[in-house]
Amino acid sequence: MPHDAIVLLGVNHKTTPLAVREKLAFAAGYEEPLRALGQLEELREYYLLSTCNRVEVLFTCRDVEQAQHRVLDLMFGRTITSPEIKQHVYRHVNAEAVEHLFLVAASLDSMIVGEAQILGQLKEAYRHATKAGCSGFILNKLLHKSFSVAKRVRTETRIGAHAVSISYAAVELGKKIFGDLARKKVLLVGAGEMAELAAEHLVRHGVAEVVVANRTLQRAINLARCYNGRAIALEELPDQLRQVDIIISSTGAPGLILQKEDVRPVMRERRNRPLFFIDIAVPRDLDPAINDLDNVFLYDIDDLHNVVEMNKSERDKEAVKAQRIIAEEKLKFGRWLANMESTPTIVQLRAMVEHQVQAEVEKTMGRLVTMDEQQRRGLEKMVAAITGKAIFPALHYLKADNHCIGLPERIKTIRELYFLDTVANDQEEDG
Amino acid sequence: MSFLLFQSCVVVYLLATAAYLVFFLTQKNTLRQTGRVIFLAAFFLHTASLIARAIETGQTPLTSHHEAISFFGWSLGCCYLSFCWRYAVKNLGAFVSPLVFALMLVAAFSSRSMVSLSPALQSWWFPVHALITLLADGFLALSCIGSIMYLLQEREIKKKRFGLFYSRLPSLEILDKLNHHCLSMGFPLFTLGLIAGSLWAKQVWGAYWQWDPKETWSLITWFLYAATVHQRFTVGWRGRRVAILSIVAFLSVLFTLWGVSFLLEGVHSYAS
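Residue numbers (the working numbering), protein chains in the order written: chain A, 1 to 431; chain B, 1 to 272.
There could be a bad hint or two in this list.
No farther apart than 25 Å at their CA atoms in a straight line, the calculated lysine-lysine pairs in the DSS-like style are these [stated by the list, open to error]:
1) A:Lys175 to B:Lys160
2) B:Lys158 to A:Lys175
3) A:Lys399 to A:Lys330
Residues from chain B that keep clear of chain A, each with C-beta distances beyond 12 Å, as calculated [said to hold, decoys possible]:
4) Val11
5) Ala102
6) Gln153
7) His181
8) Ala227
9) Leu263
These stretches of chain A come out as covered by chain B in the derived footprint (C-beta under 8 Å, 3 or more residues) [as the list claims (entries may be wrong)]:
10) 169-176
11) 234-240
12) 271-280
Just so you know, the hints here were simulated from the structure itself, not pulled from any lab data. All of these numbers come straight from a predicted model, not from anything done at the bench. The beta-carbon is built from N, C-alpha and C at its ideal position, and this holds for glycine as well.
Bound-form chain A, shown alone:
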């Protein structure tokens, strides 16, 4: 009697381009899709995670192929074609699904490895699933386990402490220069995807304001709205340098847009408060000589790459440690699942033996229901005790670690020994 299969279907930033992910994400919240999943009778328990980098469905079912087909149809079929599904969607079953969930929770599968946000999103998604009543015994255990795995990885490794991407490196450097990023202002010059990512990071680390300057003002206004910032025209740039502290430049301009001589007078007006320029444009937007000014720090894309590389070897060590933790937890969960497998057998065995003992008792003592309260209780206790004693060797055989004989094998032995399957069939036939 095998347990239900655990299946995970999804897309993430590694398999799927942003344009497709955008279409698949459930922007309107979890209630609607969870209700839709509830209509599928193949699914026992299910839960759904949708973030800007991934959409994943986790469910337990009997028939993997059929359930998978139905879920894919429902979740993804409306927005993308089936060849696209085949190309982008990954499927993990049982141990693999468990491992994948742990990796996601521990932020090892994130775009920015080690970022902490994903755990919050996971918890949020789980909260919706429990509210909708669609997670059950197995998923509850699995998700709670994934939270504790994430916590373990965070406390036992330093994976979260390292700069692992360009924008993360920028934040790290900003912290080394400014100490605290709160009350600092960021100016985005040009509104590319990289700049956006960096800005998002900085906002997450508490910068006070985001100002966006762009050639086309409309784009600037749109982006500024995302961060509650304001938009300015490109011509106002030198003026703005007086007020902002971090400048991220990513325009497509062919030449330099800011020279050393533009920045020098600004520093006097700023009373030498530090300025941090990040130039992620190729070709470069900012004069490299700007870095020579006191209290001004300029990093271009290559410099940032070096920072990332520097942290990488350190991070890889931490990642190995984190993988080890996850492998360990996966094994533990696997053992729990396997024990789940033996539970129905134990229940059945106990019921059968108890049934027989009670039948024998009733043969000599008369029917239990007709006895007075006290006597019946005493006899019931005796029946339970005899049952316990009688099935103890079998339980011990099932539960103890046995390296020579696998658990399924042992379950089979017990079932055959006690005629559990035939008895059950007989009873069903009787019923």
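Assemble chain B onto chain A, guided by the hints.
Chain B alone, transformed into the frame defined by chain A:
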């Protein structure tokens, strides 16, 4: 008694320095706690030794070279602990404790014989002058340490080559703040110390200012710090330039303290 306390506090300072330096290299958090506890213990021993010395000699124990340097070390420790208590400056201890230990070594190797002031010089202006000046020196030494850390950190960030210091030193902002606070404490104290000294001179010699080498050098030091403070607080210099000025000015403090005493003769030279 005071000697025993002094000896033991030198040893404990050595332990604290070792703990801080090992922590600096390995970054194991338990060591930092250990370092701090040991340093605190050394500081208390040191305080006790100063008090014991004061009781033994029956005067403010600042008359001999040994006593003055020992008190200098104490005031540096005092400033450091007061900063530890108010601000978190990562790894400051690894820089401060060796300096304190070095000062204690210098004190340990100078003559411990008691020097009493001639009756003509005895006045309550003496302890005021000496205490305030040496306390100011403590703050100024801390500003120098902060400036050195700033320059090390700034160099790595500017050159984009991250070595030993980048991850271990605090942010530039914090180091600059450290310099700011130390200057704004140290400079007024230093000024007060100068004034107290000249009032003392007026009382015992009849003249506020005698232009002996120590006084001249103190004035030079004062002007250096005045320039630093002016640039910092009115012109708005910060970062590298102020750090360099602070270091130069502190070198002048050291010269005033030692160079003048041993190279040039004057009323301040500790009696030999």
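Are all C-beta atoms of chain A more than 12 Å from that of B:Gln153? B:Gln153 is in fact no farther than 12 Å from some Cβ atom of chain A, at 7 Å.
**Message:** Over 12 Å from every CB of chain A: does B:Leu263 meet that, or does the non-interface label fail?
**Reply:** holds (35 Å)
Would you mind confirming whether the straight-line C-alpha gap from A:Lys175 to B:Lys160 stays at or under 25 Å? OK: A:Lys175 and B:Lys160 at ~15 Å, within 25 Å.
Per-stretch coverage check for the region 169-176 of chain A, three Cβ contacts closer than 8 Å to chain B | holds (count 3)
Item checked: Status of B:Ala102, Cβ more than 12 Å from any chain A Cβ -> Non-interface label stands for B:Ala102: nearest chain A Cβ at 29 Å, farther than 12 Å.
(Q) Confirm or reject: B:Val11 is not an interface residue toward chain A, with every Cβ-Cβ distance exceeding 12 Å. (A) holds (35 Å)
- Does A:Lys330 lie within 25 Å of A:Lys399 when you go C-alpha to C-alpha? holds (19 Å)
Practice task
Examine the region 234-240 of chain A: at least three residues should have C-beta closer than 8 Å to a C-beta of chain B.
Solution key: Violated - the region 234-240 of chain A has 0 residues with a Cβ nearer than 8 Å to chain B, which falls short of three.
Closest CB of chain A to the CB of B:His181 still more than 12 Å away
At about 14 Å from chain A, B:His181 clears the 12 Å cut-off, so the statement holds.
_Verdict on B:Ala227 as a residue remote from chain A, using beta-carbon distances over 12 Å_ = holds (16 Å)
Is the straight-line distance between the alpha-carbon of B:Lys158 and that of A:Lys175 25 Å or less?
holds (14 Å)
Are at least 3 residues of the region 271-280 of chain A within less than 8 Å of chain B when you compare beta carbons? n = 4 at 8 Å, threshold three: holds.
Checked against the numbered hints listed earlier, the structure breaks hints 6 and 11; every other hint is satisfied.
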